[in-house]
Amino acid sequence: MSFLPFPEPDDATLAGFAAQRDELGFVMNLTRLWSYQPGLKDGLFALVDSVVKEHDLDFRTRAVLITAMASTLGDSYCSVAWGTKLAGESSAEHAAAVLTGDDAQLSPAEVALATWARQVTRDPNATAAKDLEPLRQAGWTDRQIFGLTVFVALRLAFSTVNDALGVRPDAAYHELAPASVLDALPTGRPLDEA
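Heads up: the sequence shown begins at 13 in the working numbering, then just goes up one per residue.
Just so you know, the hints here were simulated from the structure itself, not pulled from any lab data.
Using N, Cα and C, we set each Cβ at its ideal position, and we do this for glycine too.
Keep in mind that a hint or two might mislead.
Distance condition first, Cα-Cα at most 27 Å in a straight line; then the derived BS3-like pairs of lysine-lysine [as the list claims (entries may be wrong)]:
1) Lys65 - Lys53
2) Lys97 - Lys53
3) Lys142 - Lys97
Here are the simulated distance ranges between beta carbons [stated by the list, open to error]:
4) Asp23 - Asp114: 22 to 32 Å
5) Pro146 - Lys65: 22 to 32 Å
6) Asp22 - Thr139: 36 to 46 Å
7) Arg148 - Leu26: 16 to 26 Å
8) Ala30 - Ser103: 14 to 24 Å
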């Protein structure tokens, strides 16, 4: 499930596992990995949550940004997790389109978000001032564009740790993810077998 053996969880970590099992029906492989230092994950997501609140990033916006970022990175874990969430928020075809970079099914505002997330992920040094214009035209303020960029960068950091340490997407996604989302996944780590 990862290159590192999962550590023996302490009581607080076991309580977190139980809460995740109640919410999702399983404990995610990445949650087990981050039990090496759960406070780091908690701190990272507290920071992510502060950006979300400060810049009014609704669920669909976050789902488009993360799905576009993860698929561009080749991160199959966040791609399947957030592609599944995006499918539930919109449709499986919509989520698959974001995963594959086919923007024809996206609104102009979603195209701007997905394009920006892909650019930030692919090569942040290649961005140009003109690349912000579609975000501004979609109604994002300069302050919010800063927040969108910080959000993508923080999620990129989280994905990078998971990917580098070989964490495989959970077997549960064989059942949870729509077929079109599974078909659209990047060639990252394969899903665990059931």
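Outcome of the hint check:
no.	hint	result
1	Lys65 - Lys53	holds, 18 Å
2	Lys97 - Lys53	holds, 20 Å
3	Lys142 - Lys97	violated, 31 Å
4	Asp23 - Asp114: 22 to 32 Å	violated, 47 Å
5	Pro146 - Lys65: 22 to 32 Å	holds, 24 Å
6	Asp22 - Thr139: 36 to 46 Å	holds, 42 Å
7	Arg148 - Leu26: 16 to 26 Å	violated, 47 Å
8	Ala30 - Ser103: 14 to 24 Å	violated, 33 Å
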